[in-house]
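If you read the protein sequences in the order shown, they are chains Y and H.
Every position in the first sequence, counted from 1, becomes a number in this note's numbering once 42 is added.
Every position in the second sequence, counted from 1, becomes a number in this note's numbering once 648 is added.
For the record, the hints were derived by calculation from the structure and aren't laboratory data.
Please note: incorrect hints may appear among the correct ones.
Once the Cα atoms are required to be at most 30 Å apart in a straight line, the calculated DSS-like pairs of lysine-lysine come out as [said to hold, decoys possible]:
no. : chain 1 : residue 1 : chain 2 : residue 2
1   : H       : K710      : H       : K659
2   : H       : K726      : H       : K710
3   : Y       : K47       : Y       : K110
4   : Y       : K79       : H       : K726
5   : Y       : K47       : H       : K726
6   : Y       : K96       : Y       : K113
7   : H       : K710      : Y       : K47
8   : Y       : K113      : Y       : K98
9   : Y       : K96       : Y       : K110
10  : Y       : K98       : Y       : K110
11  : Y       : K98       : Y       : K79
12  : H       : K659      : Y       : K96
Output of the computed footprint for chain H on chain Y, the stretches with three or more beta carbons under 8 Å from beta carbons of chain H [stated by the list, open to error]:
no. : region
13  : 87 to 99
14  : 141 to 148
From the derived model, a few chain H residues whose C-beta atoms are all more than 10 Å from chain Y [stated by the list, open to error]:
no. : residue
15  : G690
16  : R700
17  : P729
Glycine included, every Cβ here is placed at the ideal spot set by N, Cα and C.
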Amino acid sequence: DQQVKQNSPSLSVQEGRISILNCDYTNSMFDYFLWYKKYPAEGPTFLISISSIKDKNEDGRFTVFLNKSAKHLSLHIVPSQPGDSAVYFCAVYRTGNQFYFGTGTSLTVIP
Amino acid sequence: DARVTQTPRHKVTEMGQEVTMRCQPILGHNTVFWYRQTMMQGLELLAYFRNRAPLDDSGMPKDRFSAEMPDATLATLKIQPSEPRDSAVYFCASGSGTGLHSGNTIYFGEGSWLTVV
Numbered sequence: 043d044q045q046v047k048q049n050s051p052s053l054s055v056q057e058g059r060i061s062i063l064n065c066d067y068t069n070s071m072f073d074y075f076l077w078y079k080k081y082p083a084e085g086p087t088f089l090i091s092i093s094s095i096k097d098k099n100e101d102g103r104f105t106v107f108l109n110k111s112a113k114h115l116s117l118h119i120v121p122s123q124p125g126d127s128a129v130y131f132c133a134v135y136r137t138g139n140q141f142y143f144g145t146g147t148s149l150t151v152i153p
Numbered sequence: 649d650a651r652v653t654q655t656p657r658h659k660v661t662e663m664g665q666e667v668t669m670r671c672q673p674i675l676g677h678n679t680v681f682w683y684r685q686t687m688m689q690g691l692e693l694l695a696y697f698r699n700r701a702p703l704d705d706s707g708m709p710k711d712r713f714s715a716e717m718p719d720a721t722l723a724t725l726k727i728q729p730s731e732p733r734d735s736a737v738y739f740c741a742s743g744s745g746t747g748l749h750s751g752n753t754i755y756f757g758e759g760s761w762l763t764v765v
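Chain H with its partners taken away, still in its complex shape:
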């Protein structure tokens, strides 16, 4: 049963601390997305990678957020320093190929729930 795995599932941290969220995409998927869910914005795209190369990170606050794919089985999203306004659910999703046809889609992990106090 292939699935996207995210860790940690829950994280409570103090303002100013570094937070690292990890994602293991589905084996064979070459596209990885990071989304943040907030009440006002819904699912915001933060960054995405294809074949480990970053294609778009314009949705990410560059001064404190960074996203990387050290290898094909691991994507990371780091916040340093964290702030209370970063509290949200962060989702990783993966997909395959550059095209999309009916029935193909991206698959989400269960999310990392971040609370910054």
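Just chain Y, same shape as in the assembly:
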């Protein structure tokens, strides 16, 4: 039973443009929402997070948006750079419980 869904397995974007990665979740009880980035042959690394009491969190080129009513999470990368090419996983967390991850979206930024 998939708690988190990333419906786009891949995304290609031109360098300098905006990348938008999307994620949907099923349970309104989750407290925190996170994005992880994964390069080939490496473990996922934390990128950015947002708590359920906020609807936006920004860190440099990365912004995460949370729409609780729609149970939808998105990551915006502006401007996109070739080094951003990686697999992005969204994750959800409920305090005291485990993390659930999506299936990942492979982002390719074309120079």
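Dock chain H against chain Y, hints included.
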């Protein structure tokens, strides 16, 4: 530079053999997770421990998989007997505390790449 350490990094084994993967969590972290990455399921949670006690292993095939934490510095994931469908990348991750606040997260190892032939 604190990091989660996993061994082996790569393992090729024959079907039916026992496989043991090891994880050293970041010192001081009391929560340890085992995930498996597959193309279809993404990062599947297999098991997790808090203060060395198993909290949830419902994602793990019980007949062949087992996870333990013999001490606070070592977590193990064992497959016996292994099957070709177990071929995947297995990640260990660790974190601290029972709560999560903005900026806190879990940290992943580099993964153990398992191929069962």
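Structure versus earlier hints, numbers of those that do not hold, lowest first: Of the numbered hints given earlier, those the structure breaks are 12, 15, listed in rising order.
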